[in-house]
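There are 2 protein chains.
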Amino acid sequence: MERRITPRQEDYSRWYLDVIREADLAENAPVRGCMVIKPYGYRIWEGVRDGLDRRFRETGHQNAYFPLFIPMSFLQKEAEHVEGFAPELAVVTIGGGKELEEPLVVRPTSETIIGYMYSKWIQSYRDLPVLINQWANVVRWELRTRPFLRTMEFLWQEGHTAHATAEEAMEETLRMLDVYADFAIRDAAIPVIKGRKSDREKFAGAVASYTIEAMMGNGWALQAGTSHYLGDNFARAFDIKYLAPDNEVKYCHTTSWGMSTRMVGAIIMTHGDDQGLRLPPVLAPIQVVIVPIWRQEQERAAVLGLADQVRQMLADGGVRVHLDAREDQTPGFKFNDWEMRGVPVRIEIGPRDVQNNAIVLARRDRPGREGKIFGVPVPSALERVRELLAEVQQGLLEQATAFREANTHTVTDYETFKEVIEEAGGFIRAYWAGTSEDEARIQEETKATLRCFPLDQPEEEGRCFLTGAKTRQIAIFARAY
Amino acid sequence: MERRITPRQEDYSRWYLDVIREADLAENAPVRGCMVIKPYGYRIWEGVRDGLDRRFRETGHQNAYFPLFIPMSFLQKEAEHVEGFAPELAVVTIGGGKELEEPLVVRPTSETIIGYMYSKWIQSYRDLPVLINQWANVVRWELRTRPFLRTMEFLWQEGHTAHATAEEAMEETLRMLDVYADFAIRDAAIPVIKGRKSDREKFAGAVASYTIEAMMGNGWALQAGTSHYLGDNFARAFDIKYLAPDNEVKYCHTTSWGMSTRMVGAIIMTHGDDQGLRLPPVLAPIQVVIVPIWRQEQERAAVLGLADQVRQMLADGGVRVHLDAREDQTPGFKFNDWEMRGVPVRIEIGPRDVQNNAIVLARRDRPGREGKIFGVPVPSALERVRELLAEVQQGLLEQATAFREANTHTVTDYETFKEVIEEAGGFIRAYWAGTSEDEARIQEETKATLRCFPLDQPEEEGRCFLTGAKTRQIAIFARAY
Chain A
1 MERRITPRQE DYSRWYLDVI READLAENAP VRGCMVIKPY GYRIWEGVRD GLDRRFRETG
61 HQNAYFPLFI PMSFLQKEAE HVEGFAPELA VVTIGGGKEL EEPLVVRPTS ETIIGYMYSK
121 WIQSYRDLPV LINQWANVVR WELRTRPFLR TMEFLWQEGH TAHATAEEAM EETLRMLDVY
181 ADFAIRDAAI PVIKGRKSDR EKFAGAVASY TIEAMMGNGW ALQAGTSHYL GDNFARAFDI
241 KYLAPDNEVK YCHTTSWGMS TRMVGAIIMT HGDDQGLRLP PVLAPIQVVI VPIWRQEQER
301 AAVLGLADQV RQMLADGGVR VHLDAREDQT PGFKFNDWEM RGVPVRIEIG PRDVQNNAIV
361 LARRDRPGRE GKIFGVPVPS ALERVRELLA EVQQGLLEQA TAFREANTHT VTDYETFKEV
421 IEEAGGFIRA YWAGTSEDEA RIQEETKATL RCFPLDQPEE EGRCFLTGAK TRQIAIFARA
481 Y
Chain B
1 MERRITPRQE DYSRWYLDVI READLAENAP VRGCMVIKPY GYRIWEGVRD GLDRRFRETG
61 HQNAYFPLFI PMSFLQKEAE HVEGFAPELA VVTIGGGKEL EEPLVVRPTS ETIIGYMYSK
121 WIQSYRDLPV LINQWANVVR WELRTRPFLR TMEFLWQEGH TAHATAEEAM EETLRMLDVY
181 ADFAIRDAAI PVIKGRKSDR EKFAGAVASY TIEAMMGNGW ALQAGTSHYL GDNFARAFDI
241 KYLAPDNEVK YCHTTSWGMS TRMVGAIIMT HGDDQGLRLP PVLAPIQVVI VPIWRQEQER
301 AAVLGLADQV RQMLADGGVR VHLDAREDQT PGFKFNDWEM RGVPVRIEIG PRDVQNNAIV
361 LARRDRPGRE GKIFGVPVPS ALERVRELLA EVQQGLLEQA TAFREANTHT VTDYETFKEV
421 IEEAGGFIRA YWAGTSEDEA RIQEETKATL RCFPLDQPEE EGRCFLTGAK TRQIAIFARA
481 Y
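Chains A and B supply the protein sequences, listed in that same order.
Taking my numbering, the leading residue of the first sequence gets 1, the next gets one more, and so forth.
Taking my numbering, the leading residue of the second sequence gets 1, the next gets one more, and so forth.
No wet-lab data here; the hints were simulated from the structure.
Everything hinted at is true.
Each computed DSSO-like pair below joins lysine-lysine, with the alpha-carbon atoms no more than 30 Å apart:
id : chain 1 : residue 1 : chain 2 : residue 2
1  : A       : 77        : B       : 98
2  : A       : 241       : A       : 77
3  : B       : 98        : A       : 98
4  : B       : 447       : A       : 98
Just chain A, with the same shape it has in the complex (with noise of 0.2 Å):
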């Protein structure tokens, strides 16, 4: 068989692109920057959705739906934001054969329209807190992009809420990081850092941008939710006030939240290893693939009955389980087939396993023999497979976290920090005293930027690599998508 996946080693970037094609995922569209995503890759996509917005109405949000276009005057009514986002905008200047008096933006994203609309809905504090998340395409354009990563146009949600006061609306921004981080560990398997943007590096018009940033299987860093803490800020732009019970007239206090079609490329880069993709069981459109092995015609109809068998009874147990009871293909060809697809477990079934009533497990996480379990009884299949899946899923995030445990390196000076990041890469950990000027000269010079502040800060002072002056404030830097 022909190697379609390049080595992770020896192109990362093709590695990727060779994944995305070769799984299926998505593919390039005919207009620039913008991708189709295919069937395979839009069911994780789907359960990326289901799983934040269970999350989202556990927590009191409320879906709704927002226009995709913006008068241009919205935009600019806040100063950063419109800075921020000019460049980036695709603009609608002809309607119905006509030329537009005013041009409407294809929205990059919707704090403006949603603000307009917040100060019209928001009256009194009885009508507080306003809690909403919108599903939507927003498009921004983008020069280099890349599949999942960085599109001209992407899928996300992107959540708007309204407070009476700033306590409220920082709680708000920091439930929803939690949300992020319990979404992607214990979803996606994917071990994020929850921290806060340096001010160089967050949202056009936020007070505060918080995010989880998770390190790629090549160590570099990408960040996979943001959660803004907008201040009144928006408030002030669009006028969104209420009569508090003291008979005042405040500004609310505002946040903004978003999470992507980029965390399929998360999963991709985070779990994939040379033979393909390795999806989490809790996120995999398919969770088990059962493969027919039979040599002789005689044998063909008793292992397909205990194959159909196995399927019935995972699928009755809520297994997403697929039957691969392809006639042109060698039993060989579909294991290679579901490993570069990423299945978390494969049940091989021989006419051996049909005399002996049993059949056998291969978890994706573990190569080879020592992934593989032997003389599975049929009628545990069910709750073996469930455990397996279990194991599956924590072993991804183990294998994930461990990995970046190696590949986090501390540094106390700045000649010490180029080394690292040109030769070992990963992410540094490192005291942090500088300026946002210092934070632009850092990238220029080694090309990694300030990811975050940890939330998780420790208690002891220390210096800072590049100004050493006295600091208790930790940053982690890398590369970054």
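Since the structure of chain A is provided, determine the placement of chain B on it from the hints.
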């Protein structure tokens, strides 16, 4: 209490807008012709989406996602298609601050870009059929808009399939028409007529368009879903070809089919009455509301205790139930409020009910005392509520069917046709052998259009009411949204 909903007889259009406003379903957006779908309205749409999505999967379809933007040149490849959609396009001419070389159209529908992708994906008969659906927003520059019914941007699904033969594609077209009818009848309790569109009314680029037509509360027709057989029109325009088993290269036959947020408008106008919404239980965000009733403070705890016990019992049984424990509103206000929001079943619990360990049920589809069931023992509440929800679902369908039958007229000459349309309204069933020009004339003179040729056609011959020609073809005419 002030009258907030205009009676239907007084002004049906105003009634519709009043219901949307008072039930908090949607609101006009600051962009002309666009709406904001508010949480309660969006949950109805989520019910529509889930009901359809399940049926699409059961019939073998997969979801995917294609880009929002389509190069202008793509639309021009199918002559009828571009002619139909050109006047309605929103066009992006500026991206990232620069004038684009080729303008991008915001998709009004995706046959063209999906056709382009299919031409790359389909090589052999083994690749067929391709059965894909997309959930997306689309934009059509409409001049006269109305929330849910006709908005510039709307949410929908669009299925796009490719097949080896005309027969298979036609089977798919009718299968999806059946899926839409099944959803409309069973989930939305809307009786619909399956039929074929006339050439004048068919989709731009289709060989044949099929529709489900529903009758709204004012007797007007509403096209609630369409399924198109596209022949090889788009296959030729986009070069969607396959190598057949006989080694010949052949064009595919394709279909497309869609249902949109318009369905929410159909639900409002099929079932609503002068008190407001009436939602079919299958799609109601809240199926049961519990209103506790007490006068004296010492009754409060006992009543709320039983109310919460019943709430928990119903929730555990999978019923979408809400306990309205607001302290600042009277039971009477709450009754009206939830009736207006269309909740199918109300439970009343007062001090005497606590004594008897029983509750009162009231169904939204039957007004006043006639719709009440007294003394339902608490232990059988779940079972009785489930039965009642099924009865309300059936009741709404029966009422709507009876209304449609009562407002469907048969005519044999054009004079009567004009009288009936002007005075009685509703549907006209009549023999029809006219041309597209005849249809245009009828529309001009009566504002009625040919809604469809019902699939269910009579055996007998008759005479066209306009031309007098003999024909076996029955058509339905009506004024329509």
